[in-house]
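As given, the protein sequences belong to chains X and F, one line each in that order. Take the first sequence: its letters are residues 165 to 498, numbered as in our numbering. Take the second sequence: its letters are residues 7 to 171, numbered as in our numbering.
Calculated directly from the structure, the hints in this document are not laboratory data. Remember, predicted model here, so these are calculated numbers, not experimental data. Every residue gets a Cβ at the ideal spot worked out from N, C-alpha and C, and that includes glycine. Be aware that one or more of the hints could be misleading.
Claimed, not checked - With a Cα cut of at most 30 Å, we get these calculated DSS-like pairs of lysine-lysine:
1) X:K228 / F:K123
2) X:K219 / F:K135
3) F:K127 / X:K373
Claimed, not checked - Residues from chain X that face chain F, not an exhaustive set, calculated with beta carbons under 10 Å:
4) M165
5) G197
6) S217
7) V268
In case you want the letters, here they are:
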Amino acid sequence: MLLPRFDYLEPKNLEGALDLLAIHRENAKLLAGGTDLLVRMKKGLLKPKSLISLKSLNELSYIKKEADSIKIGAGTPLADIIASGPVQDDARALSQACEKVGAVTIQHYRGTIGGNILQDNRCHHYNQSDFYRSGRQACHKDGGKICYARENADRCNSTCQSDGATALMALGAKLVLLSKGNERTVDLDQFYTADGIVPHSIEPHELLKEVIIPLNNAQSAYRRLAYRSAIDYPIVCAGVLLRPSETKKDQIHEARIVVGAISRAPLFLPQAASSLIGKKLDDTDAFKKAADASMDSAATFAVHNVGSTLEYRCEMISLMVFQALTEAAQASKI
Amino acid sequence: MEKIEITLNINGKPHEVMIYPNETLLDVLRDQLDMTGSKESCGEGVCGSCTIHMDGKPVRSCLTLALEARGAEIKTVEGLADGDELSNLQQSFIDHGAVQCGFCTPGMLMTADALLKENPKPDEKAIRKAIAGNICRCTGYAKIVEAVAHAAQPQDHCCDCNPKE
Numbered sequence: 165m166l167l168p169r170f171d172y173l174e175p176k177n178l179e180g181a182l183d184l185l186a187i188h189r190e191n192a193k194l195l196a197g198g199t200d201l202l203v204r205m206k207k208g209l210l211k212p213k214s215l216i217s218l219k220s221l222n223e224l225s226y227i228k229k230e231a232d233s234i235k236i237g238a239g240t241p242l243a244d245i246i247a248s249g250p251v252q253d254d255a256r257a258l259s260q261a262c263e264k265v266g267a268v269t270i271q272h273y274r275g276t277i278g279g280n281i282l283q284d285n286r287c288h289h290y291n292q293s294d295f296y297r298s299g300r301q302a303c304h305k306d307g308g309k310i311c312y313a314r315e316n317a318d319r320c321n322s323t324c325q326s327d328g329a330t331a332l333m334a335l336g337a338k339l340v341l342l343s344k345g346n347e348r349t350v351d352l353d354q355f356y357t358a359d360g361i362v363p364h365s366i367e368p369h370e371l372l373k374e375v376i377i378p379l380n381n382a383q384s385a386y387r388r389l390a391y392r393s394a395i396d397y398p399i400v401c402a403g404v405l406l407r408p409s410e411t412k413k414d415q416i417h418e419a420r421i422v423v424g425a426i427s428r429a430p431l432f433l434p435q436a437a438s439s440l441i442g443k444k445l446d447d448t449d450a451f452k453k454a455a456d457a458s459m460d461s462a463a464t465f466a467v468h469n470v471g472s473t474l475e476y477r478c479e480m481i482s483l484m485v486f487q488a489l490t491e492a493a494q495a496s497k498i
Numbered sequence: 007m008e009k010i011e012i013t014l015n016i017n018g019k020p021h022e023v024m025i026y027p028n029e030t031l032l033d034v035l036r037d038q039l040d041m042t043g044s045k046e047s048c049g050e051g052v053c054g055s056c057t058i059h060m061d062g063k064p065v066r067s068c069l070t071l072a073l074e075a076r077g078a079e080i081k082t083v084e085g086l087a088d089g090d091e092l093s094n095l096q097q098s099f100i101d102h103g104a105v106q107c108g109f110c111t112p113g114m115l116m117t118a119d120a121l122l123k124e125n126p127k128p129d130e131k132a133i134r135k136a137i138a139g140n141i142c143r144c145t146g147y148a149k150i151v152e153a154v155a156h157a158a159q160p161q162d163h164c165c166d167c168n169p170k171e
């Protein structure tokens with residue numbers, strides 16, 4: 165498959181990349197690993213005038229453990245995150261999520277955590293070849309006025325299938341966005357626009373610099389369901405975090421539940437999680453209730469557009485959440 | 007869009023080529039350098055038949071721009087054998103019937119080669135996990151797993167295995 169034409173720009177450092185972004189704005193796209201971007205370009209879903217290569221920007225690839233947080237550079241390959249001891253110990257959900265992304269040959273060297281978070285939303289009516297899409301009217305995401313996933317929908321219902329984002333949202337991560345002369349930090353759960361066409365609230369001249377994961381003695385876990393264990397995107401996934409109370413070690417003080425691959429953004433479900441506060445770490449009934457509550461809240465957002473049937477995916481939400489909660493609880497006890 | 011002259015270091019030899027920015031490494035390998043060992047199947051990173059090594063790590067060449075491969079040590083399936091002498095892994099693939107139509111084989115070999123470099127004694131689970139990103143439509147996975155296991159540990163391998171001397 166041929167790639168459309170573009171100009172290749174190669175900044176030498178971060179400063180240069182931000183300058184180029186400030187000049188080209190929406191006409192340019194950042195190329196890190198390319199495992200998502202180049203596929204979309206090959207399918208003609210995206211035709212940027214220029215690509216800004218981040219190849220020489222080694223300053224974006226690092227994992228730093230600090231007293232109260234882990235900082236991961238946006239250009240860090242997924243394989244480095246999987247192999248990282250601090251991430252395995254203190255942010256296990258992320259380690260588990262990265263391990264599930266694509267396949268080893270995508271994770272190593274090419275795929276980056278920044279690219280995983282910023283991957284575009286998907287829909288099996290939209291992520292198709294030029295030829296397939298030319299045979300029907302354009303959908304919302306393609307610049308038209310129709311939604312094939314949900315009848316009479318007035319907006320795009322594409323699904324965010326990022327493994328990394330779901331896990332990171334459960335971990336309460338923050339993103340650091342850079343633009344020329346400016347830097348801002350946003351909570352990942354505030355980062356989404358609820359619009360399937362432009363799912364992330366990142367400006368065209370901004371660059372994702374790093375991900376900050378706060379550490380607070382919590383245990384996390386990530387579970388996903390996909391057709392195949394490798395290559396495929398998740399059709400349902402769940403990330404959870406449980407923090408035991410400091411005084412009573414077997415009691416839950418804080419809980420976060422995030423369900424992914426169901427809606428336009430990973431769904432942070434504080435209401436479902438609130439029922440767990442004060443409960444014991446081995447209270448399986450409470451986990452079941454929270455998982456069912458998650459299913460009820462998340463299922464209303466579900467759209468039939470990433471394979472499998474809607475009923476099955478919705479039912480599996482509670483199982484994924486339950487399994488993740490059990491795993492996180494077990495890890496807390498050790 | 008203008009052609010750019012770049013040097014690619016492939017299988018230990020430098021190659022100078024004129025390329026357009028939108029050419030992938032796979033395009034350049036196959037169309038300009040006649041290294042047709044790496045195959046293009048899906049072209050979107052799903053099947054793994056275009057797998058090559060960059061700096062010792064397996065990557066999809068169909069999703070790597072040729073321009074991004076400058077400065078990297080590239081190894082393709084052509085670089086596995088030493089002249090006419092096949093590598094252990096290649097010989098093991100032949101002995102175990104791990105090659106059916108052969109289209110996935112270059113990718114499987116490169117992925118397995120990278121696995122064996124990282125983990126010289128992988129168990130079956132590790133092998134299956136490593137090649138999970140490579141699709142074989144003849145579904146000859148069992149033979150491929152056997153071939154990789156044999157290449158890793160010829161002595162300890164399955165008892166009924168008796169490859170040609």
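Outcome of the hint check:
Restraint check: the Cα-Cα separation between X:K228 and F:K123 comes to about 28 Å, which is no more than 30 Å; the hinted pair holds. Proposed proximity of X:K219 and F:K135 is supported: the alpha carbons are some 28 Å apart, at most 30 Å. Distance restraint check for F:K127 and X:K373: the Cα-Cα separation of roughly 38 Å exceeds the 30 Å cut-off, and the hinted pair is therefore not satisfied. Hint on X:M165 holds. Least Cβ distance to chain F is approximately 4 Å, under the 10 Å limit.
The criterion of a C-beta within 10 Å of any C-beta in chain F is met by X:G197, whose closest approach is roughly 8 Å, and the hint holds. For X:S217, the interface hint holds, since its Cβ comes within 10 Å of a Cβ in chain F; the closest pair sits about 6 Å apart. Interface restraint check: X:V268 against chain F, minimum CB-CB distance 6 Å, threshold 10 Å, status holds.
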